[in-house]
Structures are given as C-alpha cells and as structure tokens.
Amino acid sequence: MSTVQPEAATGATGDRVLAAVKRVVVRESRLSLDPATVPDDEPLDGRLLRVTSLGLLGMLIRLEDDLDATLPDDIFAGREIHTVADLADLVRAATQAGPS
Amino acid sequence: MTGSAGTRTPVGELSCYTANLARYLGGYLPDAPGHLARTVRLAVRPAGPGQECPGFSHHAVALCDLGAGRHLAYRGTDDPDGFRTRLGDEIAGYGAALVVTHTGAMPWSPARPEQSAPHFTLVTDRQGDRWRVVDTFGALLPAGPQEPYDGWLTDGQLVDCATAPGPLRPEHRSRLALAFGLPVPVPAGRYRWLAVVAADRPAAPPPGPPGWLTGTAEVRHHLRDLWTGPAADPAHLARIVDDLWAAARHHAFRYTHLMRRPGLADRDRERLAAAVRAWQDVPMALRFAVDSALRGRPRPAVVHTTFAQLDRAEEPVTGLLATHGYLPEPAPDPGGPAAAAAPAGPAGTPSSEEEQ
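Protein chains in written order, with my numbering: chain Y, 1179 to 1278; chain L, 5 to 360.
A hint or two may mislead.
As the list claims (entries may be wrong) - Partial chain L-side listing against chain Y, Cβ under 10 Å, derived:
| # | residue |
| --- | --- |
| 1 | L70 |
| 2 | L144 |
| 3 | A282 |
| 4 | F292 |
| 5 | S296 |
Claimed, not checked - So, partial list: chain L residues that the calculated Cβ filter (under 10 Å) puts toward chain Y:
| # | residue |
| --- | --- |
| 6 | E274 |
| 7 | A278 |
| 8 | D285 |
| 9 | V286 |
| 10 | R291 |
To be clear, the hints were calculated from the coordinates, so they are not data collected in a lab. Backbone N, C-alpha and C fix where the C-beta goes; we use that ideal spot for every residue, glycine too.
Can you make the complete structure from the sequences, with help from the hints?
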C-alpha cells in the first residue's frame, strides 16, 4: 500500500478536502485505520475500501455538510467517480467555488 | 431456513416484482426475459384528488396474460392454513406460484421491518411442511445488499415471509396493483399470492391517455415538476423514489438485453452502455435531491441536469430500439401538458377491490 501521493497536496484547501474525503471513506468502509494511509488512487469499491453506490450518496451529503460546499449540479450526469482522488477532485472543485 | 445465495441471473437485475415474474413467465413464454425487455416503458398516472401518490406502469403489455385463456390474478386470505393449502394446490397444478412476500420479513433480505416493501417470491415445490423458495432478485438496497436466494422454508417461515410487518402504504398498494403494467384488483387479506385463472378474453392493454402520461417527454416533464416544482414535498418524494429506481432497473435491463445481441456495432454498444449509465444515475440523483431537500438544501438543478443527460444518452439509441423490435418511442400524449394536470380518469382510479 502506498502513502498519500504528493500531488494531492494542493494547498490548505486541498489538504482539508482530501483529509475529509479519506475520513469519510474509511468510516463508510467501517475500517479501523489511519485515513492518511489510504492512497489517493485507492478504488472506492475495491480490496481496501467498500463504498457502495448508496454509500457514496451518503458520503456526498456528509462532505457537503462537513465542508460547507455545494457539489456541482452535474454530479449524476455521467461523471466517473472510482477512486479517492476522483471524489476529492469533485469536492475540491466545489469548495473552491464556494457554497451557493 | 435452509438455503444458499444463488447466482445472479440477468433477470435478477430486474426489480423486486419483475425479477421473479420473469422467471415464472418462462413457463409460459418462449423468451420471457426478451418479452419483458422489449416491452419496458414508464407511464405515470399523476396523483389526483384523494390519491396520495402517482401510479407507475412499467410494462406496455399486460404481463398477467399467460395466453391460451389464462391470466394471473391475485388471491388473498387471512387464514394461514387456507393460504398454505391453496398455495400448495397452485404449485401442484402449475409447477410454481408467486407469493407476495415482504422484504422486512424475508430472512435473506437485509431490509428492516420499517423499510419493508412487497416483493414477488417464487415457490416451486412443497415437501410436507417445507417449501422450496427461489428468489432471483439481487440488488443493493438502502439496508445493504440483497442476494438471490434458493432454499427451503418451513410452513411457519413461509407464512412469516408473507406477513407484512406493518400496514401497506399507498405506494405499496399502488405497486401491487400495477405490477403487471395495468391496474388489477388486489384483494384484502393478510396473505396474498398469484393464481392462474381462466379468462374468456385477453387482458386489457396497459392504460394510456387520458389519465396516464406515456410519452417520454411528458413523463419526464412531470417527474421534473414533481421533484422541483413549488409543491415538491421531499418526505412524500422519498416514498416514491423506489418507483423510479425500478424504472431505472427496467430500462437498464432493456438496454443490456439489446447489447447482448450478436452483430451489434461497437459504437451502438457504447451508446447503449451510456444509456444504461444515464438511467442508473437517475435514482441516485433523485435520492440526493430528496436528502438535500430534507436538510434544507434543495437542489432542483441536479434533477434537471440528470434528466437532461438521460435525454442526451437515450436519443441516439431510440432508432436502434425500434430497429431491433423493442418498444418504439411513444407518441406524445394527445392532451399535451393539459393531460398532465388532469385528475386520474376511470382507468387510473383504484379498483374498489383494491385493499382499502
């Protein structure tokens, strides 16, 4: 298992978002591990993490609340969210845009 | 209970009624999955005065019509002994029977009693006080994954599965009445099953205008309004989001069925796969919208954007469906938008025999 990839650290907001995303995916997968050890490219539904589509839905809502963000309107319009990094990118864009 | 999780079959990707109905119909139709796939639709009966929820019809033909003067019809009783006797007779006579079970009472379902919903379960054999139960359905439910099941239940376990943990809600009664695409009587009674009955004429076709919206554009306009209009009530919408989940499963099944056709161009397969993904996004978006609205953050644009994506994904495959014998795009309702506002007509009025 690799450690957090350096490209994920895109400033304070990026760190905050990535940390929040890893925290919720670990909680959703019911794992007892340090969220920081989850690789950025870890699949959301793979050998380590077990995030179902309905679990993802709950996570999106939690992330909106935790980060006071508004996810984009096209979140369910053909987007591919397969990894921790995919999810972090989506949320990061929302936090940079700010709450609506 | 003895049994095991079975292998998920293509029809297992259908909904909680149609998965096992497809398997049952295989005893009467040469290609039941193909029949279902080719006749998928989504028609909506807007909730009229006195009706708590819209009606949803997912099939363009009457799936209760078994042909050769035979129909499937609900039967019901409050007597557990009578239920078992008549169910046993049905299996002895026809080789299998569909029972209305309830997910919150089914040991192989993760649904909690308060999440319970009616479900069709196939019973294929009886040996003394034991019943062979086959449930082809498999899906991720809010409570967790429900896997297909194939096993034996005792008399008591079967009766428990057929006993609703609580009163059926209006949306449950509506789904039961419309499970075959057209409204049929659902008798009162604690225990319900489907029996083969003689019929002197073919079943009526599933309903259309007036009263029902059948055109794709009209149906989606109505759904968008339901979810985003000024009268949108998230608590109410939460109760019917599963109807749209079922519609998504049916449409995904239709496209997946066509994708398996030999000789299809790669580009067409990709278009069909895109249509499947677009449909799968619909219930996700609708649940997200409901959950967002319930916490005071309504997201109408998410709903609009998702339906727009669905329109874009389906447009290139419409001709493909017609070419291969699948249900063509229905014509717009003659009543236009006015029909959407009309109260349900006689075809949409719940039968007096439905459970009150």
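Hint check results:
1. Taking 10 Å as the C-beta cut-off, the interface hint given for L/L70 is violated, the closest approach to chain Y being about 36 Å.
2. With a least beta-carbon distance of about 5 Å to chain Y, the hint placing L/L144 at the interface is held under the 10 Å criterion.
3. With its C-beta approaching chain Y no nearer than about 7 Å, L/A282 sits inside the 10 Å limit, and its interface hint holds.
4. Taken as an interface hint, L/F292 checks out: its beta carbon lies about 6 Å from the nearest beta carbon of chain Y, inside 10 Å.
5. A hinted interface residue such as L/S296 counts as satisfied when its beta carbon comes closer than 10 Å to some beta carbon of chain Y; here the least separation is about 7 Å, so the hint holds.
6. For L/E274, the shortest C-beta to C-beta distance to chain Y is roughly 13 Å, which exceeds 10 Å, and the interface hint is violated.
7. Interface restraint check: L/A278 against chain Y, minimum CB-CB distance 8 Å, threshold 10 Å, status holds.
8. Checking L/D285 against chain Y by beta carbon gives a least distance of about 4 Å; that is within 10 Å, so the hint holds.
9. For the restraint placing L/V286 at the interface with chain Y, the shortest Cβ-Cβ distance is roughly 8 Å, inside the 10 Å limit, so the hint holds.
10. Evaluation of the L/R291 hint against chain Y yields a held restraint, the C-beta minimum of about 6 Å falling below 10 Å.
Violated hints, in rising order: 1 and 6; the structure is consistent with all others.
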